[in-house]
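Could you put the whole structure together from the sequences, leaning on the hints where they help?
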Amino acid sequence: MCELPSYKPEDLPIWYFDGSNTSQANADNSDTFIFPQVIYHDPFRRGSHILVLADTYQHNYQPTASNYRKNCVMLCEKGEVEDPWFGFNQEFFLTTTDGRPLGWPAGGFPAPPGPYYCAIGANKIVARDLMEAFYRCCLFAGIQLNGINPGTTPSQWNFQVGPSPGLRAADDLWMARYILARLAEEYGTVATFEPQPVPDWPGNGTFVYFSSKDMREDDGIIVIERAIDKLARRHGAHINEYDANNGADNARRLTGKNGMPHIRDFTAGVANRSCSVRIPRQVSEDKRGYLEDRRPAANADPYRVICILLRTCIFDE
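Taking the working numbering, I'd label the letters of the sequence shown as residues 1 to 317.
The hints are simulated quantities; they were obtained by calculation from the structure and are not laboratory data.
No residue lacks a Cβ here, since even glycine has one placed at the ideal position from N, Cα and C.
Keep in mind that a hint or two might mislead.
Computed spacing ranges between beta-carbons, pair by pair [unchecked claim]:
#  : residue 1 : residue 2 : range
1  : Tyr61     : Ser20     : 14 to 22 Å
2  : Asp219    : Ile148    : 45 to 53 Å
3  : Tyr178    : Asn272    : 30 to 38 Å
4  : Asp316    : Asn272    : 40 to 48 Å
5  : Tyr61     : Pro113    : 42 to 50 Å
6  : Ser66     : Gly188    : 45 to 53 Å
7  : Ser66     : Pro113    : 21 to 29 Å
8  : Ala111    : Pro63     : 42 to 50 Å
9  : Tyr61     : Glu225    : 24 to 32 Å
10 : Asn123    : Glu225    : 41 to 49 Å
11 : Ala119    : Phe315    : 38 to 46 Å
12 : Asp219    : Phe17     : 38 to 46 Å
13 : Thr267    : Gly188    : 51 to 59 Å
List time: in silico EDC-like cross-link candidates among lysine to aspartate or glutamate, alpha-carbon distance up to 20 Å [what the hints assert, rightly or not]:
#  : residue 1 : residue 2
14 : Lys287    : Glu217
15 : Lys213    : Asp286
16 : Lys70     : Asp129
Here it is, written out as structure tokens:
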């Protein structure tokens with residue numbers, strides 16, 4: 001993993017763009033500001049080039065409606081004493097430019113899910129060369145990417161970022177999504193974060209791993225179980241935050257089928273990947289560690305996910 005440049009985001013200029021073209025401003029007052037927040041190495045141009053993660057502000061320097069990072073920063077600072085850590089497992093499909101999943105027969109379907117997860121072989125896996133290039137690009141950029149693997153459906157892949165303190169994993173996830181989409185262009189394919197690309201097949205999620213300092217200490221399982229009780233009480237509020245359309249996307253994905261819970265019901269269990277929140281087997285045995293919330297959709301904003309987890313599990317809001 002490369003060292004990041006010596007200069008800081010505050011050394012870079014504030015810039016602006018036409019917010020009317022992105023539905024973030026009106027045409028008669030369209031200049032929208034972008035504030036540099038995180039610097040990454042540019043894996044495409046390399047050399048001294050950089051990629052900069054920025055957030056957006058209106059003409060009056062107030063955050064735009066889509067800028068959830070600003071609030072996430074404040075909540076992470078407020079909860080710093082609890083030392084919250086997050087990680088994300090991002091699922092996605094690779095498709096042709098007209099939306100057909102790579103490797104699927106034209107006008108038909110492949111064999112049912114089963115032999116594809118973490119598999120090898122050209123009869124089961126597509127685009128491994130793209131994913132290896134993606135992995136190396138992320139490491140070059142300085143993203144804390146800790147793995148990639150084929151998913152349960154042909155053309156589906158996963159990657160994992162974190163675990164990292166505060167909002168680092170959310171920043172890394174957004175930049176990794178950008179690098180993936182940008183790299184897929186060069187391969188003539190599309191990376192889609194659509195939560196349910198094909199009806200009646202497994203969809204795409206952004207599973208989140210969460211822990212606090214107390215969860216990671218001896219007998220932290222007690223704190224984990226308390227957090228799960230809190231999550232159960234606020235199930236509806238979390239569903240509204242866990243996709244890009246206030247729950248409408250997850251309604252197509254969380255159907256109680258294909259190894260996913262139903263959107264109406266909150267469930268939790270040890271080593272149970274068909275429930276809303278999973279306690280990993282090792283965490284149950286160690287009696288400390290973290291929990292996995294499996295409800296966020298693939299198009300969820302990780303800043304929104306972090307915010308509501310902190311509000312529910314740390315601040316008891």
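Checked hints:
1. For the pair tyrosine 61 and serine 20, the supplied restraint of 14 to 22 Å holds, since their beta-carbon distance comes to about 18 Å.
2. Distance hint check for aspartate 219 and isoleucine 148: the Cβ-Cβ separation is about 34 Å, which falls outside the suggested range of 45 to 53 Å.
3. Range check, tyrosine 178 to asparagine 272: about 33 Å between beta-carbon atoms, so the 30 to 38 Å window is met.
4. A C-beta distance of roughly 26 Å is found between aspartate 316 and asparagine 272, which places it outside the suggested range of 40 to 48 Å.
5. The hint said 42 to 50 Å for the Cβ distance between tyrosine 61 and proline 113, and at roughly 48 Å that hint holds.
6. Under the hint 45 to 53 Å, the C-beta atoms of serine 66 and glycine 188, about 29 Å apart, miss the expected range.
7. At roughly 34 Å, the beta carbons of serine 66 and proline 113 sit outside the given window of 21 to 29 Å.
8. With their beta carbons about 47 Å apart, alanine 111 and proline 63 fall inside the hinted range of 42 to 50 Å.
9. A beta carbon spacing of about 43 Å between tyrosine 61 and glutamate 225 contradicts the range 24 to 32 Å that was offered as a hint.
10. In this structure the supplied range 41 to 49 Å holds for asparagine 123 paired with glutamate 225, their Cβ-Cβ distance being about 43 Å.
11. For alanine 119 and phenylalanine 315, the Cβ-Cβ distance of about 42 Å falls inside the hinted range of 38 to 46 Å, so the restraint holds.
12. Range check, aspartate 219 to phenylalanine 17: about 50 Å between beta-carbon atoms, so the 38 to 46 Å window is missed.
13. Threonine 267 and glycine 188 have their C-beta atoms about 41 Å apart, which leaves the hinted 51 to 59 Å range violated.
14. A C-alpha spacing of about 9 Å is found between lysine 287 and glutamate 217, which places the hinted pair at or below 20 Å, so the restraint holds.
15. Between lysine 213 and aspartate 286, the direct Cα distance comes to roughly 15 Å. Compliance with the 20 Å bound is thereby established for this hinted pair.
16. Of the pairs offered as hints, the one joining lysine 70 and aspartate 129 is violated, with about 36 Å between alpha carbons and a cut-off of 20 Å exceeded.
Checked against the numbered hints above, the structure breaks hints 2, 4, 6, 7, 9, 12, 13 and 16 and satisfies the rest.
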